[in-house]
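With the hints as extra help, turn the sequences into a complete structure.
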Amino acid sequence: DGGITQSPKYLFRKEGQNVTLSCEQNLNHDAMYWYRQDPGQGLRLIYYSQIVNDFQKGDIAEGYSVSREKKESFPLTVTSAQKNPTAFYLCASSDEGRGQPQHFGDGTRLSIL
Amino acid sequence: QQQVKQSPQSLIVQKGGISIINCAYENTAFDYFPWYQQFPGKGPALLIAIRPDVSEKKEGRFTISFNKSAKQFSLHIMDSQPGDSATYFCAAATDSWGKLQFGAGTQVVVTP
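Note that the protein sequences, when read in sequence, are chains U and R.
Each residue of the first sequence is one higher than the one before, counting from 6 in our numbering.
Each residue of the second sequence is one higher than the one before, counting from 40 in our numbering.
By construction, these hints were calculated from the structure, which means they are not laboratory data.
Remember, predicted model here, so these are calculated numbers, not experimental data.
There could be a bad hint or two in this list.
Said to hold, decoys possible - Below 20 Å or equal to it, Euclidean Cα-Cα: the simulated EDC-like pairs (lysine to aspartate or glutamate) are:
{"hint": "1", "chain 1": "R", "residue 1": "LYS81", "chain 2": "U", "residue 2": "ASP111"}
{"hint": "2", "chain 1": "R", "residue 1": "LYS138", "chain 2": "U", "residue 2": "GLU20"}
{"hint": "3", "chain 1": "R", "residue 1": "LYS81", "chain 2": "U", "residue 2": "ASP43"}
{"hint": "4", "chain 1": "R", "residue 1": "LYS138", "chain 2": "U", "residue 2": "ASP59"}
{"hint": "5", "chain 1": "U", "residue 1": "LYS62", "chain 2": "R", "residue 2": "ASP134"}
{"hint": "6", "chain 1": "R", "residue 1": "LYS107", "chain 2": "U", "residue 2": "GLU77"}
{"hint": "7", "chain 1": "R", "residue 1": "LYS44", "chain 2": "U", "residue 2": "ASP35"}
{"hint": "8", "chain 1": "R", "residue 1": "LYS110", "chain 2": "R", "residue 2": "ASP134"}
{"hint": "9", "chain 1": "U", "residue 1": "LYS76", "chain 2": "U", "residue 2": "ASP35"}
Right under this line is the structure:
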């Protein structure tokens, strides 16, 4: 069954720690995205990648980093520089020729201890 | 500031009724307008999308109406069912690789 797997579902971070959120897809999609969702707000784009070994900043990239070493994987690191990391993080993908996400994972909820 | 304004923030509709969600935008370069449906604890799912060369698109009980001159588009959910209770997001993008700009979302509750 094709889809996007995000792990873990819940994640807790202590102040000053970096944490990495996993995103894996078996849809053979070229493009992958990370979004942040806060209550009462729409989704905001953090980073996106159209192809392996290449990625671009979205609207709110500060305090985040990504890598795209494999087509199926697009991990997101929330660094200690992100001052307000508590949010619901969503990974998404789309196939060639589509610049907008077609499939989303079920998200990771990050909280600060 | 949000480039796509969505209203209402929430709505309650009786089973069998019509749910209407409205979105407005300013950027006339937007040419792709999708709607997403999100259930609690899940990621959004692409529901239906429209491009500005058509004024209406229907898929089952879901219809998008698009008014290019008014820079508005709306989602109508006909014969609303309790299973339609979810948060709905409108969005817009400028071209094939344009970044999506999302509305703030509308929480729809369908009462039995």
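Here's how the hints hold up against the structure:
Among the hinted pairs, LYS81/R with ASP111/U is consistent with the structure: their alpha-carbon atoms are about 4 Å apart, no more than 20 Å. With a C-alpha separation of about 31 Å, the suggested pairing of LYS138/R with GLU20/U is violated against the 20 Å cut-off. For the given pair, LYS81/R sits about 14 Å from ASP43/U by alpha-carbon distance, which is consistent with the 20 Å threshold. Pair hint LYS138/R plus ASP59/U holds up; C-alpha atoms about 16 Å apart against a cutoff of 20 Å.
In summary, the hint linking LYS62/U to ASP134/R is supported, as the alpha carbons are separated by about 18 Å, within the 20 Å threshold. Between the alpha carbons of LYS107/R and GLU77/U the distance comes to roughly 38 Å, so the proposed pair goes past 20 Å and is violated. Between LYS44/R and ASP35/U, the direct Cα distance comes to roughly 30 Å. Violation of the 20 Å bound is thereby established for this hinted pair. Distance check on the hinted pair: LYS110/R and ASP134/R sit about 16 Å apart at the alpha-carbon level, within 20 Å; holds.
Of the supplied pair hints, the one linking LYS76/U and ASP35/U holds, its CA atoms being roughly 7 Å apart against a limit of 20 Å.
Of the numbered hints listed earlier, those contradicted by the structure are 2, 6 and 7.
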